[in-house]
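Protein chains: 2
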Amino acid sequence: MTYRAPVSDILFSLRLAAGTDAGGIYADIAEGVAEQTLNEAAKFAEGALLPLDRIGDRAGVRLADGAVTTAPGWREAYAGWREGGWNALAADPEFGGLGLPALLNAACTEIWNAANISFALCPLLSHGAIEALEAHASASLKETYFARLVSGEWTGTMNLTEPQAGSDLALLRARAERNDDGSYRISGQKIFITYGEHDLADNILHLVLARLPDAPAGVKGISLFLAPKYLPDENGAFTRRNAVRCVGVEHKLGIHASPTCTMAYEDAIGYLIGEEHNGLACMFTMMNNARLNVGLQGVALAERATQASFDYARERKQGRAIGASETSAIIAHPDMRRMLLTMASLTAAARLICFETAASLDRAHRCDDPVQAREADERAGLLTPVAKAFSTDIGNEVTSLAVQVHGGMGYIEETGVAQLMRDARICAIYEGTNGIQAIDLVGRKLPMSGGAAVKREIDDMRAIAQESHYAAVGDAVEAFAAASDYLAGVMKTSPNEALAGATPFLRLFALARGATLLEKAAGAARHAGDPNATRYETLAHFFAKNVAVAAPGLVKMVTEGAQSVTEGGELFAR
Amino acid sequence: MTYRAPVSDILFSLRLAAGTDAGGIYADIAEGVAEQTLNEAAKFAEGALLPLDRIGDRAGVRLADGAVTTAPGWREAYAGWREGGWNALAADPEFGGLGLPALLNAACTEIWNAANISFALCPLLSHGAIEALEAHASASLKETYFARLVSGEWTGTMNLTEPQAGSDLALLRARAERNDDGSYRISGQKIFITYGEHDLADNILHLVLARLPDAPAGVKGISLFLAPKYLPDENGAFTRRNAVRCVGVEHKLGIHASPTCTMAYEDAIGYLIGEEHNGLACMFTMMNNARLNVGLQGVALAERATQASFDYARERKQGRAIGASETSAIIAHPDMRRMLLTMASLTAAARLICFETAASLDRAHRCDDPVQAREADERAGLLTPVAKAFSTDIGNEVTSLAVQVHGGMGYIEETGVAQLMRDARICAIYEGTNGIQAIDLVGRKLPMSGGAAVKREIDDMRAIAQESHYAAVGDAVEAFAAASDYLAGVMKTSPNEALAGATPFLRLFALARGATLLEKAAGAARHAGDPNATRYETLAHFFAKNVAVAAPGLVKMVTEGAQSVTEGGELFAR
Numbered sequence: 109m110t111y112r113a114p115v116s117d118i119l120f121s122l123r124l125a126a127g128t129d130a131g132g133i134y135a136d137i138a139e140g141v142a143e144q145t146l147n148e149a150a151k152f153a154e155g156a157l158l159p160l161d162r163i164g165d166r167a168g169v170r171l172a173d174g175a176v177t178t179a180p181g182w183r184e185a186y187a188g189w190r191e192g193g194w195n196a197l198a199a200d201p202e203f204g205g206l207g208l209p210a211l212l213n214a215a216c217t218e219i220w221n222a223a224n225i226s227f228a229l230c231p232l233l234s235h236g237a238i239e240a241l242e243a244h245a246s247a248s249l250k251e252t253y254f255a256r257l258v259s260g261e262w263t264g265t266m267n268l269t270e271p272q273a274g275s276d277l278a279l280l281r282a283r284a285e286r287n288d289d290g291s292y293r294i295s296g297q298k299i300f301i302t303y304g305e306h307d308l309a310d311n312i313l314h315l316v317l318a319r320l321p322d323a324p325a326g327v328k329g330i331s332l333f334l335a336p337k338y339l340p341d342e343n344g345a346f347t348r349r350n351a352v353r354c355v356g357v358e359h360k361l362g363i364h365a366s367p368t369c370t371m372a373y374e375d376a377i378g379y380l381i382g383e384e385h386n387g388l389a390c391m392f393t394m395m396n397n398a399r400l401n402v403g404l405q406g407v408a409l410a411e412r413a414t415q416a417s418f419d420y421a422r423e424r425k426q427g428r429a430i431g432a433s434e435t436s437a438i439i440a441h442p443d444m445r446r447m448l449l450t451m452a453s454l455t456a457a458a459r460l461i462c463f464e465t466a467a468s469l470d471r472a473h474r475c476d477d478p479v480q481a482r483e484a485d486e487r488a489g490l491l492t493p494v495a496k497a498f499s500t501d502i503g504n505e506v507t508s509l510a511v512q513v514h515g516g517m518g519y520i521e522e523t524g525v526a527q528l529m530r531d532a533r534i535c536a537i538y539e540g541t542n543g544i545q546a547i548d549l550v551g552r553k554l555p556m557s558g559g560a561a562v563k564r565e566i567d568d569m570r571a572i573a574q575e576s577h578y579a580a581v582g583d584a585v586e587a588f589a590a591a592s593d594y595l596a597g598v599m600k601t602s603p604n605e606a607l608a609g610a611t612p613f614l615r616l617f618a619l620a621r622g623a624t625l626l627e628k629a630a631g632a633a634r635h636a637g638d639p640n641a642t643r644y645e646t647l648a649h650f651f652a653k654n655v656a657v658a659a660p661g662l663v664k665m666v667t668e669g670a671q672s673v674t675e676g677g678e679l680f681a682r
Numbered sequence: 109m110t111y112r113a114p115v116s117d118i119l120f121s122l123r124l125a126a127g128t129d130a131g132g133i134y135a136d137i138a139e140g141v142a143e144q145t146l147n148e149a150a151k152f153a154e155g156a157l158l159p160l161d162r163i164g165d166r167a168g169v170r171l172a173d174g175a176v177t178t179a180p181g182w183r184e185a186y187a188g189w190r191e192g193g194w195n196a197l198a199a200d201p202e203f204g205g206l207g208l209p210a211l212l213n214a215a216c217t218e219i220w221n222a223a224n225i226s227f228a229l230c231p232l233l234s235h236g237a238i239e240a241l242e243a244h245a246s247a248s249l250k251e252t253y254f255a256r257l258v259s260g261e262w263t264g265t266m267n268l269t270e271p272q273a274g275s276d277l278a279l280l281r282a283r284a285e286r287n288d289d290g291s292y293r294i295s296g297q298k299i300f301i302t303y304g305e306h307d308l309a310d311n312i313l314h315l316v317l318a319r320l321p322d323a324p325a326g327v328k329g330i331s332l333f334l335a336p337k338y339l340p341d342e343n344g345a346f347t348r349r350n351a352v353r354c355v356g357v358e359h360k361l362g363i364h365a366s367p368t369c370t371m372a373y374e375d376a377i378g379y380l381i382g383e384e385h386n387g388l389a390c391m392f393t394m395m396n397n398a399r400l401n402v403g404l405q406g407v408a409l410a411e412r413a414t415q416a417s418f419d420y421a422r423e424r425k426q427g428r429a430i431g432a433s434e435t436s437a438i439i440a441h442p443d444m445r446r447m448l449l450t451m452a453s454l455t456a457a458a459r460l461i462c463f464e465t466a467a468s469l470d471r472a473h474r475c476d477d478p479v480q481a482r483e484a485d486e487r488a489g490l491l492t493p494v495a496k497a498f499s500t501d502i503g504n505e506v507t508s509l510a511v512q513v514h515g516g517m518g519y520i521e522e523t524g525v526a527q528l529m530r531d532a533r534i535c536a537i538y539e540g541t542n543g544i545q546a547i548d549l550v551g552r553k554l555p556m557s558g559g560a561a562v563k564r565e566i567d568d569m570r571a572i573a574q575e576s577h578y579a580a581v582g583d584a585v586e587a588f589a590a591a592s593d594y595l596a597g598v599m600k601t602s603p604n605e606a607l608a609g610a611t612p613f614l615r616l617f618a619l620a621r622g623a624t625l626l627e628k629a630a631g632a633a634r635h636a637g638d639p640n641a642t643r644y645e646t647l648a649h650f651f652a653k654n655v656a657v658a659a660p661g662l663v664k665m666v667t668e669g670a671q672s673v674t675e676g677g678e679l680f681a682r
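Protein chains in written order, with my numbering: chain Z, 109 to 682; chain C, 109 to 682.
Okay, chain Z solo, but in the shape it has when bound:
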């Protein structure tokens, strides 16, 4: 199964998100850096990562004596990754990074994950560690560890989950005790640690959440530590094995080549990041970006599944189209076209939403105007749960549709689309389940600045809807506005009823935002005479008339459906 990184499409979406800032905060993009970077990224992804995707799925990883061996070719690919400088795209130039904007990094993230999500997870986790260290680590920790993490010589992990503490980190039990020299000793078991152990790099920097003996209960008693796999010896070489070991790897539905490890800490040496008991805040620093990256994984797998399905539907001949005298390629059949347009339009909408989110992160960091920066920060916060949950939901839907388009062949593992469906399924779960994203949207993001953030988003959508040919676009925006108003009120009086509508509300937001962004894209492409114009017009038309039309049903679920959810009588009793 091939994959051609859709550089022209990505570049167009990226410029749309950059908007009028293209010459300002995005001067690096305007200068052609973006196009060149994307073309190089495409080359590496298609040449080095894609061929390993299926090999990795079949071979998985092997654990023996605490050491994890990755699939054949993985080590060479990672060396190529590091040498190509891909690990350093977004990081601070002071430590060897390229300091490229989040938007361009998002575009590359899509490409890596489309080619090989199991591989891409390793740098994804390293980036999380880079962000946390960048924002919170002491100068001495940074000096020792940061540059090698940025270059990719070493990799990073996130150790949050424990068997009893998944979505609820308040239940976390791992312990940390103070050593005399200012370091700490960490003990406990962590599960589901992505690339917790592997053979791609010489050292692994574990970021670990644990509790100090005098820590308050709950999430306010959690501290963040850096526990390297190898500690420095007397000569400053990293040869001393720390007391952290991989004691198991999971047998998973997908992402087989990404080692999901159970890690045992037994008085492992750790160094505090940030302040004691403030670990969760440190984790939150990187949350928006990490969640956006997972959303991009959904876009990535949806894009690849869509490409594979168009290819197959053009090749495979079954049945005669109405009026045809010979057997037709199945792409001629209307029901097949519905599936393909559903896939392509959901993917494009999710990409546009993710890129808007990335652009908001850039504006929050780069805008000189403090009001603009704050509003951009709020917008990133508002859009992030939508980018994460909607993109990964449609990642599931689109990869499953790809199996359907391929018919019986889709169910055979050799074809490859079943792997995309298996791989995609984790994205709606990790980095905060999609239910948690919806709760975050309703409970924390809607009330931001007294509702001003969502109000600005609605105004922006209304302006686009007013210009639209399609009534369904305006209907979707108004349905979202009505649902927002309703929830803002109910959240104060009956939070259970509000939260019962969180998931349909998030979907409603995505449909309104997706429909308006596709309209905007179609209009911009048409106006600029861009070669993508017809494509975006087709997708905007289809999305309005066949996807966004779900909005009136969704607003009813939000405003009238909750009572049947919160009640439930004997069904919820033991």
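Hints are not guaranteed to be accurate.
Note: identical chains are not told apart, hence a pair may lie in one copy or across any two.
The calculated lysine to any residue pairs, modelled on SDA-like cross-linking and capped at a C-alpha distance of 25 angstroms, are [to be verified]:
no.	residue 1	residue 2
1	425	206
2	425	356
3	328	389
4	425	389
5	600	559
6	328	424
7	250	474
8	425	272
If you are wondering where the hints come from, they were derived from the structure by calculation, not from laboratory data.
We have chain Z; now place chain C onto it with these hints.
Positioned in the frame of chain Z, the structure of chain C alone reads:
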């Protein structure tokens, strides 16, 4: 992962579908046979089939020298199946069957497939062969083969698909030539043959579609043959190996323990079933029942996934519910309740639709009144594509939701719900893809008797909707009525536009029919003081307010969405 066959629920649904016929054509059910049969079926399914489900998933099947070895324990389970008389439930008593109604057989089919779909597929295919032979085989063929197929001593297969001929059987190439003794020689390759080769029974009866040399082109030139794995020798013992061999087994996403075989025929001896060139009509005889059975597989896996999710949500503790002072079981959280109610209500609705379909098949065969019998036959035809496609669509949705409810644990294969999702995924594909079901509904079933069949269905739904508390039920029925009217007209003038709306139309039908059947169930249970009353009231309430509310969006997709599908510009060009 446990499974408790929901006998009380199934029995209630079954009596609802039997309705006022309970004492008439269903005298065998009224006499308590149903309850006893279901309790015994539950015992066998839970005791003998369920424990093998995961073993089979892990072990798969092994092909060596043309022989397929099934997973450990499979042979013993099949022997128990045969000895328990389960294979003979629905077949003609003249040949050793029990002659039980299709409705009761449907109930048992759900139970077998919930416990172990890979196992249940073997008898499912045998039943198809039984029906085809019963209706079309000569007396001499029946005498030789039928009783052993009914008892389960031998099993049956369906050989339709070839690499170039899947959904489109007109492209079929397998050849048959006449022998002097009245038999035929069959040559060609068939793919995706379920239980095409295995070690559970001493002989396998292949039903094969092939073309005679003088056959007309297309589907009117296809004949149906019986080609046994072993042919009778001079003593009447079946020892002569026929020239049909398994040359490959597929590596699939799911149903690992069910051998999906590539079969090579090289002048294999076959016997004509029915008349030459009339093979497709013979296959159509059993189509309704086979499609209903696949629909029941969807219900089965959805039921099992729902049970597992309720169990997990009661056990797993994360987060505090609003107002709670301690960590709550996740079932207390509104977003989790939404997922669980979605699963339970979709499953119940799909079961009710499948059972209505089965009851219609019974009435078509058993009613003395020819008008009632014909109308029942039409109703079975109308409901069958909905039973197949909706039930298997929700099979995918509900098993995926089960993974979501289980969070990270759901993604780990050991938990078992990921297997349900993998297994379920085939059901929307085989026995006519769900797209083909939708096309069948719009192209062949809506026009039946000048639209009278769908009119009767709408009348029945309207009568229930008028009594409903929930406006959404009536809205769904009227949306369906409007879409039916629209399609009946457009199918004649612009078939492409009609077929572009086929899939949302089928879903719309299912939502209207599901909502009204749940209402009917709730009303009947309440009226009878049935212990299921509260449960069905809760499900009917939730379904009306959170599932059926999609209907107004779906009718728009049907009536206004087609143009954006049939057009598509450069997207569909090479």
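A quick look at each hint next to the structure:
no.	hint	in the structure
1	425 x 206	neither (48 angstroms within a copy, 44 angstroms between copies)
2	425 x 356	between (47 angstroms within a copy, 24 angstroms between copies)
3	328 x 389	within (9 angstroms within a copy, 71 angstroms between copies)
4	425 x 389	between (56 angstroms within a copy, 24 angstroms between copies)
5	600 x 559	within (13 angstroms within a copy, 51 angstroms between copies)
6	328 x 424	between (58 angstroms within a copy, 23 angstroms between copies)
7	250 x 474	within (23 angstroms within a copy, 81 angstroms between copies)
8	425 x 272	between (52 angstroms within a copy, 8 angstroms between copies)
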